[in-house]
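Colleague: Residue strings, one per chain:
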Amino acid sequence: MEKNDEIIRINSLGKKYGMLEVFKDISLNVNRGEVVAVLGPSGSGKSTMLRCINLLEKPDSGEIIVEGEKITGRLSRKEVNALRTKVGMVFQHFNLFPHMTVLQNITYAPRKVLKQSNAEAERNARRLLVQVGLESKADTYPSKISGGQKQRVAIARALAMNPDVLLFDEPTSALDPEMVKEVLNVIRSLADSGITMMIVTHEIGFAKQIADKICFIDNGQGTVYTPAEEFFSNCKSERARRFLEQIM
Amino acid sequence: MNFSKLVPYVWMIGDGLLMTIKLTLLSAAFGFFIAVILVLMAISKKKILVKFVEVYSTGIRAMPMLLQLFIVYFAFPQILGNMFNLSAYSAAVIALSFNGAAYYAEVMRGGIISIDKGQKEAAKALGMGRGRILTGIIFPQAMKRILPSMLSEFVLLFKETSLVSQIGVKDLFYTGTTIGKNTYSLFEPYIAVAVIYYVIVMLMAYGTSLIEKRLRVSD
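Chains A and B are the protein sequences, given in the same order.
When we follow the numbering used here, the leftmost residue of the first sequence carries the number 1, and every step to the right adds one.
When we follow the numbering used here, the leftmost residue of the second sequence carries the number 249, and every step to the right adds one.
Source of the hints: derived by calculation from the structure; they are not laboratory data.
Be a bit skeptical, because a hint or two may be false.
Residues from chain B that keep clear of chain A, each with C-beta distances beyond 10 Å, as calculated [said to hold, decoys possible]:
| id | residue |
| --- | --- |
| 1 | L254 |
| 2 | F322 |
| 3 | Q326 |
| 4 | F346 |
| 5 | R357 |
| 6 | Q367 |
| 7 | M398 |
| 8 | V403 |
| 9 | I439 |
| 10 | V447 |
| 11 | V465 |
Below 27 Å or equal to it, Euclidean Cα-Cα: the simulated DSSO-like pairs (lysine-lysine) are [stated by the list, open to error]:
| id | chain 1 | residue 1 | chain 2 | residue 2 |
| --- | --- | --- | --- | --- |
| 12 | B | K392 | A | K144 |
| 13 | A | K70 | A | K112 |
| 14 | A | K137 | B | K295 |
| 15 | B | K372 | A | K144 |
| 16 | A | K70 | A | K86 |
| 17 | B | K372 | A | K70 |
| 18 | B | K461 | A | K115 |
| 19 | A | K112 | B | K270 |
Note that the Cβ used here is the ideal one computed from N, Cα and C, for glycine as well.
Given only the sequences and the hints, what does the whole structure look like? Please build it.
Modeller: Okay, structure coming up:
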């Protein structure tokens with residue numbers, strides 16, 4: 001895979017809720033195979049920014065280009081759905097479908113949206129379950145597994161669509177401390193395998209380990225640090241320094 | 249007290265019971281169908297549809313069922329003339345269906361809005377369209393939540409069908425009254441009819457508990 005192949009480009013993105021401006025000027029590009037960690041204080045709009053990329057939120061200004069196609073502006077429902085199959089998302093609260101088994105959770109969208117055959121979808125799902133270490137849970141319902149396991153299933157579910165980029169929205173924030181590690185390990189192995197991802201997280205140590213770039217959002221502005229070490233070693237911004245001091 | 253005088257009327261009671269069961273099943277099926285349409289309107293983004301459902305459902309639920317039955321059977325034909333000349337049976341099915349639909353729709357709407365919005369978001373994020381999200385993700389979960397209430401609506405409907413005797417439909421209750429008039433004793437036929445209602449409602453309750461147990465598999 002070409003490392004410099006650009007998958008996402010964000011140009012001065014802005015989002016408002018009524019009068020409240022969440023952020024107004026975020027610019028960022030994500031290349032194939034890159035891991036971008038999005039950091040910043042609570043309420044700075046990190047998750048909102050991430051959700052703009054698969055249009056779960058509608059940005060108010062600026063533009064987002066995914067694989068060369070501009071997604072901000074008028075899109076038909078079909079185009080929006082097509083975009084979402086290319087951009088996978090893992091949520092803070094997992095959002096597994098409780099009425100389906102683990103296996104069905106993973107195969108449902110590939111079968112119904114990508115029109116894969118049952119056999120193909122199931123084969124992929126079982127392979128992904130091995131990858132996240134949950135092959136024994138295929139026929140279990142989500143209510144019977146732990147939070148960490150749920151999140152690993154959610155990751156497998158997103159991967160089953162074979163997305164070009166995976167968005168993680170605080171994937172470990174809703175987990176008990178002893179389960180954070182198993183989820184981070186899975187994410188780390190994905191990063192090692194070259195999957196492009198953006199991850200909103202409060203796990204600074206983890207971000208430091210896996211991120212190629214840091215996008216620090218604060219006060220409505222986004223600052224990108226490439227390589228990520230820049231952010232941790234000689235960060236020029238006073239606010240970013242204070243943020244790091246507070247949590248490290 | 250002499251129940252043996254009911255023996256010649258056993259077939260009549262059977263016919264009455266059959267009519268009651270037929271009315272219940274048919275009205276439940278039509279009512280459910282109408283309710284699904286009402287719910288789709290209620291959760292749509294068109295304000296006028298939402299308002300319509302609101303007026304319909306509060307209106308129906310604020311009026312006595314017997315009055316609605318009389319309106320359909322006696323009042324409509326007076327203003328609409330021949331084109332609305334319904335048999336008592338059809339009028340009964342129509343009134344019971346449209347009445348029930350208002351209650352079922354309310355139960356279903358409650359079930360649908362109780363589903364966490366994360367479910368819809370996760371489905372959207374996987375590229376599913378609106379219809380697929382409703383039929384594959386939201387409805388199955390909502391159904392499970394509303395099933396107990398829907399089944400109790402079903403039991404209520406079974407008992408409520410007895411009102412149709414007032415417009416001359418020969419249901420179980422009507423049969424009881426008729427037998428009473430023929431034998432000059434209402435006690436035995438009414439007690440017999442009461443026991444039949446009781447046994448069937450108990451069977452329905454048992455069926456409900458079996459279904460609920462089955463649904464708890466994914467909890």
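Colleague: Of all the hints given earlier, name the ones this structure violates by number, lowest first.
Modeller: Violated: hints 6, 11, 14, 18 and 19.
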